[in-house]
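Number of protein chains: 2
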Amino acid sequence: MTASRRLRVVIVGAGFSGVGAARTLADSPVEVLLLDRNNYHAFSPLFHQVATGELEPEQIAYPVRGILRKLSNVQFVMAEVKQVNLTKQVVEIDEAKSVAPRGSLRADWYACGPPAGNVLENVDQSLICYDFLILSVGSTSRFFGVPGAVEHTFPLKTLQQAVLLRNHVFDCFERAAHEPDAKRRQQLLTFAIVGGGPTGVEVAGAQAELIYRSLVQDYPTLDFRQVRVLLLQGADSLLPTFPQKLQAYTHKQLRRLGVEVYLQAKVSQVTKESVTLRDGRSFDTKTVVWTAGVYGNPQAEAWGLPTVGSGKVLVSSTLQVPGYSNTYVAGDLAALGSEGNFLPMLAPVAIQQGQAVARNILRQIKGRNPLPFRYRHQGSMVIIGRHAAVAHLGKLSLTGFPAWLLWLGVHLVALVGVRNRLMVMISWIWSYLFRDRFVRLILPPAIRASAPTHSIAPQQRSE
Amino acid sequence: MTASRRLRVVIVGAGFSGVGAARTLADSPVEVLLLDRNNYHAFSPLFHQVATGELEPEQIAYPVRGILRKLSNVQFVMAEVKQVNLTKQVVEIDEAKSVAPRGSLRADWYACGPPAGNVLENVDQSLICYDFLILSVGSTSRFFGVPGAVEHTFPLKTLQQAVLLRNHVFDCFERAAHEPDAKRRQQLLTFAIVGGGPTGVEVAGAQAELIYRSLVQDYPTLDFRQVRVLLLQGADSLLPTFPQKLQAYTHKQLRRLGVEVYLQAKVSQVTKESVTLRDGRSFDTKTVVWTAGVYGNPQAEAWGLPTVGSGKVLVSSTLQVPGYSNTYVAGDLAALGSEGNFLPMLAPVAIQQGQAVARNILRQIKGRNPLPFRYRHQGSMVIIGRHAAVAHLGKLSLTGFPAWLLWLGVHLVALVGVRNRLMVMISWIWSYLFRDRFVRLILPPAIRASAPTHSIAPQQRSE
Numbered sequence: 481m482t483a484s485r486r487l488r489v490v491i492v493g494a495g496f497s498g499v500g501a502a503r504t505l506a507d508s509p510v511e512v513l514l515l516d517r518n519n520y521h522a523f524s525p526l527f528h529q530v531a532t533g534e535l536e537p538e539q540i541a542y543p544v545r546g547i548l549r550k551l552s553n554v555q556f557v558m559a560e561v562k563q564v565n566l567t568k569q570v571v572e573i574d575e576a577k578s579v580a581p582r583g584s585l586r587a588d589w590y591a592c593g594p595p596a597g598n599v600l601e602n603v604d605q606s607l608i609c610y611d612f613l614i615l616s617v618g619s620t621s622r623f624f625g626v627p628g629a630v631e632h633t634f635p636l637k638t639l640q641q642a643v644l645l646r647n648h649v650f651d652c653f654e655r656a657a658h659e660p661d662a663k664r665r666q667q668l669l670t671f672a673i674v675g676g677g678p679t680g681v682e683v684a685g686a687q688a689e690l691i692y693r694s695l696v697q698d699y700p701t702l703d704f705r706q707v708r709v710l711l712l713q714g715a716d717s718l719l720p721t722f723p724q725k726l727q728a729y730t731h732k733q734l735r736r737l738g739v740e741v742y743l744q745a746k747v748s749q750v751t752k753e754s755v756t757l758r759d760g761r762s763f764d765t766k767t768v769v770w771t772a773g774v775y776g777n778p779q780a781e782a783w784g785l786p787t788v789g790s791g792k793v794l795v796s797s798t799l800q801v802p803g804y805s806n807t808y809v810a811g812d813l814a815a816l817g818s819e820g821n822f823l824p825m826l827a828p829v830a831i832q833q834g835q836a837v838a839r840n841i842l843r844q845i846k847g848r849n850p851l852p853f854r855y856r857h858q859g860s861m862v863i864i865g866r867h868a869a870v871a872h873l874g875k876l877s878l879t880g881f882p883a884w885l886l887w888l889g890v891h892l893v894a895l896v897g898v899r900n901r902l903m904v905m906i907s908w909i910w911s912y913l914f915r916d917r918f919v920r921l922i923l924p925p926a927i928r929a930s931a932p933t934h935s936i937a938p939q940q941r942s943e
Numbered sequence: 481m482t483a484s485r486r487l488r489v490v491i492v493g494a495g496f497s498g499v500g501a502a503r504t505l506a507d508s509p510v511e512v513l514l515l516d517r518n519n520y521h522a523f524s525p526l527f528h529q530v531a532t533g534e535l536e537p538e539q540i541a542y543p544v545r546g547i548l549r550k551l552s553n554v555q556f557v558m559a560e561v562k563q564v565n566l567t568k569q570v571v572e573i574d575e576a577k578s579v580a581p582r583g584s585l586r587a588d589w590y591a592c593g594p595p596a597g598n599v600l601e602n603v604d605q606s607l608i609c610y611d612f613l614i615l616s617v618g619s620t621s622r623f624f625g626v627p628g629a630v631e632h633t634f635p636l637k638t639l640q641q642a643v644l645l646r647n648h649v650f651d652c653f654e655r656a657a658h659e660p661d662a663k664r665r666q667q668l669l670t671f672a673i674v675g676g677g678p679t680g681v682e683v684a685g686a687q688a689e690l691i692y693r694s695l696v697q698d699y700p701t702l703d704f705r706q707v708r709v710l711l712l713q714g715a716d717s718l719l720p721t722f723p724q725k726l727q728a729y730t731h732k733q734l735r736r737l738g739v740e741v742y743l744q745a746k747v748s749q750v751t752k753e754s755v756t757l758r759d760g761r762s763f764d765t766k767t768v769v770w771t772a773g774v775y776g777n778p779q780a781e782a783w784g785l786p787t788v789g790s791g792k793v794l795v796s797s798t799l800q801v802p803g804y805s806n807t808y809v810a811g812d813l814a815a816l817g818s819e820g821n822f823l824p825m826l827a828p829v830a831i832q833q834g835q836a837v838a839r840n841i842l843r844q845i846k847g848r849n850p851l852p853f854r855y856r857h858q859g860s861m862v863i864i865g866r867h868a869a870v871a872h873l874g875k876l877s878l879t880g881f882p883a884w885l886l887w888l889g890v891h892l893v894a895l896v897g898v899r900n901r902l903m904v905m906i907s908w909i910w911s912y913l914f915r916d917r918f919v920r921l922i923l924p925p926a927i928r929a930s931a932p933t934h935s936i937a938p939q940q941r942s943e
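Protein chains in written order, with the working numbering: chain A, 481 to 943; chain B, 481 to 943.
Any given hint might turn out to be false.
Since the list gives no way to pick out one identical chain from another, each pair is judged satisfied if it fits inside one copy or across any two copies.
Said to hold, decoys possible - Result set (BS3-like, lysine-lysine): computed pairs, CA atoms no more than 30 Å apart in a straight line:
{"hint": "1", "residue 1": "K663", "residue 2": "K562"}
{"hint": "2", "residue 1": "K663", "residue 2": "K875"}
{"hint": "3", "residue 1": "K725", "residue 2": "K562"}
{"hint": "4", "residue 1": "K732", "residue 2": "K875"}
{"hint": "5", "residue 1": "K550", "residue 2": "K752"}
{"hint": "6", "residue 1": "K577", "residue 2": "K663"}
{"hint": "7", "residue 1": "K568", "residue 2": "K875"}
{"hint": "8", "residue 1": "K746", "residue 2": "K568"}
{"hint": "9", "residue 1": "K746", "residue 2": "K663"}
{"hint": "10", "residue 1": "K846", "residue 2": "K732"}
{"hint": "11", "residue 1": "K568", "residue 2": "K752"}
{"hint": "12", "residue 1": "K725", "residue 2": "K875"}
Hint data in this document are derived by calculation from the structure and do not stem from the laboratory. Source: prediction; values computed, not measured.
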């Protein structure tokens with residue numbers, strides 16, 4: 481590091497923790513570079529409502545550059561990271577998957593030594609140098625080696641996956657509506673959700689409401705008694721981290737909505753046609769939603785970071801990578817605590833950790849010691865359906881209408897962007913008033929992306 | 481035809497005319513089958529606002545089944561048509577591109593003869609029989625044989641194309657922001673729109689507002705004097721069908737917004753890197769939007785229908801195909817009048833024709849003669865930008881604020897679905913108040929659709 485330039489902080493990932501860190505570093509005496517493969521920050525707690533046609537994907541996505549507009553010391557590059565070298569303090573961008581070409585930043589981001597002015601010659605321009613690094617790349621789905629799970633299930637970890645699932649469900653109904661074979665129709669109308677944690681419960685409830693309240697009006701010729709929404713939970717209860725009373729309530733509410741809940745139902749295999757449990761039971765289905773497990777990030781290991789079994793990065797209490805005092809991990813990727821007892825992978829944890837690592841970096845710059853991270857838990861909430869949710873807030877347990885209203889309110893406030901909030905609120909009110917789902921669109925129809933322009937298209941004005 | 485069953489009307493295409501026809505046939509003594517390759521009806525007059533980040537694609541798409549909910553005698557099949565046999569009265573579905581499997585409809589739709597009950601054996605189930613056929617497949621882009629135009633331009637005839645253009649424009653800016661080479665940066669920041677008709681004008685104006693009012697805030701390091709929005713019009717004036725006064729106004733307003741208007745600028749070639757005019761001038765660009773021409777539909781000719789040079793189907797004054805009194809064409813595909821003097825390809829024409837052919841079919845069933853189609857022209861309008869539009873309503877010509885307000889009002893009312901209207905209205909108000917565009921999302925990033933799930937992703941709650 482040289483005294484002649486401002487210190488550089490590279491943040492990898494613009495999720496809750498990455499954005500939290502960037503905001504905290506705003507207007508401080510550092511140069512910040514935020515990297516993400518998408519140009520938007522997505523609000524993952526509402527993915528299940530995109531997947532079930534309640535919300536439009538754009539309503540819960542916010543352009544990263546929009547967030548950074550007022551943060552003059554934060555730059556953004558849409559890029560995927562290929563490699564991280566903690567010793568050389570270098571992040572290597574995967575140029576094949578990124579928009580940033582070589583030499584895209586000011587020269588001193590590449591000059592990994594004394595500042596070299598603007599001379600870019602003899603400098604590897606795919607390497608970005610940093611003084612501090614924040615890794616906040618989030619988590620991915622964990623498939624526990626179940627055969628076929630990677631290939632044939634629908635995870636719900638990205639906004640794109642939510643749209644894919646939505647399109648797929650509507651496609652299944654379109655096919656079922658014209659499927660003369662009863663067995664194949666049954667298969668198309670069976671929807672299995674693997675995992676009885678918060679996401680699994682939320683997807684199952686939303687799916688059931690979509691089907692039995694909205695789609696039932698679209699397909700008058702289909703027999704909706706054939707439709708099955710299965711929630712396959714490996715453990716003995718739904719929402720294992722919640723009080724027993726809330727678990728029972730959740731179970732009851734899901735059944736009321738028409739969801740078949742299977743406990744101790746461990747999935748042993750998934751194929752294109754079915755999902756099979758360890759006890760031999762099998763369900764013919766074209767739709768297996770995978771919410772059963774999360775994995776820190778396979779890349780972290782490839783980058784040589786110390787990981788635990790679940791792919792998370794082991795960090796000190798200050799969220800630093802042991803041995804590298806200038807390298808922080810925040811959000812889902814951080815393994816803080818002891819194995820099996822890590823902090824939950826919740827948005828509030830990620831946001832607080834992002835802010836904490838940023839503050840720790842600012843402390844280090846001032847010559848102070850970084851502080852241990854302390855999570856202020858505000859509670860956990862799960863929405864099940866109309867007027868149905870559970871909230872576990874310390875000693876307080878809420879169910880039903882108050883929990884449901886609280887869930888909506890908390891998520892509305894947490895959304896980034898006033899316009900997004902307004903749009904989501906209107907979508908919710910509309911769905912509520914009309915007991916319907918309105919984004920019943922197969923858009924874009926991924927399968928037919930290469931369809932010729934001359935096929936059936938809606939009319940448009942000519943010139 | 482036999483007296484024992486209701487007559488069957490097949491409508492191909494759920495655009496303005498197809499939906500107009502289906503609605504008119506509701507509750508009449510016929511069975512209607514509506515075919516479209518998408519499960520939604522898209523409102524094409526607002527495609528340019530999707531392409532420029534003002535509206536979300538879902539806001540102007542409406543599920544076809546939602547439109548049909550109250551029409552008990554109308555069925556929908558999401559399918560692409562492969563062949564039409566007017567003599568045998570059969571529509572052949574392209575099974576590879578359609579969700580409807582063989583035998584998907586009730587047996588009598590396949591039994592092209594006396595009703596065969598529900599026996600589907602010995603019947604070709606990809607063939608759908610009709611008593612009356614309405615072809616309303618719309619129009620496609622016409623490239624006039626310009627080399628490279630098919631491969632390298634962005635047409636704006638489908639909702640998907642609008643989203644593709646939006647994503648591409650934002651991608652260009654992301655790349656430009658980090659492009660050290662001034663020439664390549666200039667190329668990324670040059671946006672050419674080919675065609676000075678209504679769509680070309682609307683795209684150019686919206687593009688300029690997006691760039692100079694909204695994106696300028698996202699890219700503080702870019703020099704926006706480098707940005708060029710080119711409108712390349714082959715004719716001597718913009719909006720050739722409008723009065724000269726409105727043409728001059730449009731020209732002036734576009735220039736005020738920063739659009740460079742080129743008249744008598746006929747495109748001779750498009751490559752991945754540039755667009756070249758017949759007079760030899762060339763512009764380096766990655767973005768060529770093609771609004772210069774429309775073609776009826778190449779399929780119509782393949783189906784053996786009598787077409788004119790522009791790919792439209794020649795119809796009688798009653799919109800019937802000559803020689804086939806039970807076959808109608810409505811909307812952009814219909815060539816009514818004399819070559820060079822066809823009715824304009826406007827939504828109102830399509831809607832009115834859809835209704836007219838439906839009424840003519842009902843007349844035929846009652847033993848009456850079909851009536852000639854009479855177009856009630858209500859006027860033409862083009863939006864240019866904030867407080868800027870032109871409206872040509874008979875002898876009345878409006879510009880500026882009143883025309884702009886009228887344009888917004890008319891398009892808002894014409895949208896299908898109250899929720900869509902509300903969402904679009906709020907989007908407009910929001911854009912207006914904040915002088916910004918809010919859907920600045922590269923979503924889904926088409927290029928990276930196959931990206932592994934373990935790459936940088938926003939954090940999400942775990943189970």
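Now for the hints, and whether the structure bears them out:
1. Taking the shortest alpha-carbon separations for K663 and K562, only the inter-copy value of 28 Å comes in at or below 30 Å, while the best intra-copy value is 46 Å.
2. Taking identical chains as interchangeable, the C-alpha atoms of K663 and K875 are never at most 30 Å apart, the minima being 48 Å within one chain and 63 Å between chains.
3. Taking the shortest Cα distances, K725 and K562 never come within 30 Å of each other, neither inside one copy (46 Å) nor across copies (58 Å).
4. Proximity of K732 to K875 under the C-alpha cut-off of 30 Å is restricted to the intra-copy arrangement: shortest distance 22 Å within a copy versus 67 Å between copies.
5. For the homomeric pair K550 and K752, neither the shortest alpha-carbon distance inside one copy (48 Å) nor that between copies (35 Å) is at most 30 Å.
6. Proximity of K577 to K663 under the C-alpha cut-off of 30 Å is restricted to the inter-copy arrangement: shortest distance 23 Å between copies versus 43 Å within a copy.
7. Proximity of K568 and K875 under a CA criterion of 30 Å is satisfied in neither setting, with 48 Å inside one chain copy and 74 Å between copies.
8. With identical chains, the CA atoms of K746 and K568 are never at most 30 Å apart, being 45 Å at best within one copy and 55 Å at best between copies.
9. For a Cα distance limit of 30 Å, the shortest separation of K746 from K663 inside one copy, 24 Å, qualifies, whereas the shortest one across copies, 58 Å, does not.
10. Neither within a single protomer nor between protomers do K846 and K732 lie at most 30 Å apart by alpha-carbon distance, with minima of 55 Å and 57 Å respectively.
11. Within a single copy, K568 and K752 get their C-alpha atoms no closer than 45 Å, and across copies no closer than 39 Å, so neither meets the 30 Å cut-off.
12. In this assembly of identical chains, K725 and K875 lie within 30 Å of each other by CA distance solely inside one copy; the values are 12 Å within and 73 Å between copies.
Violation of the numbered hints given earlier is confined to hints 2, 3, 5, 7, 8, 10 and 11; the remaining hints are satisfied by the structure.
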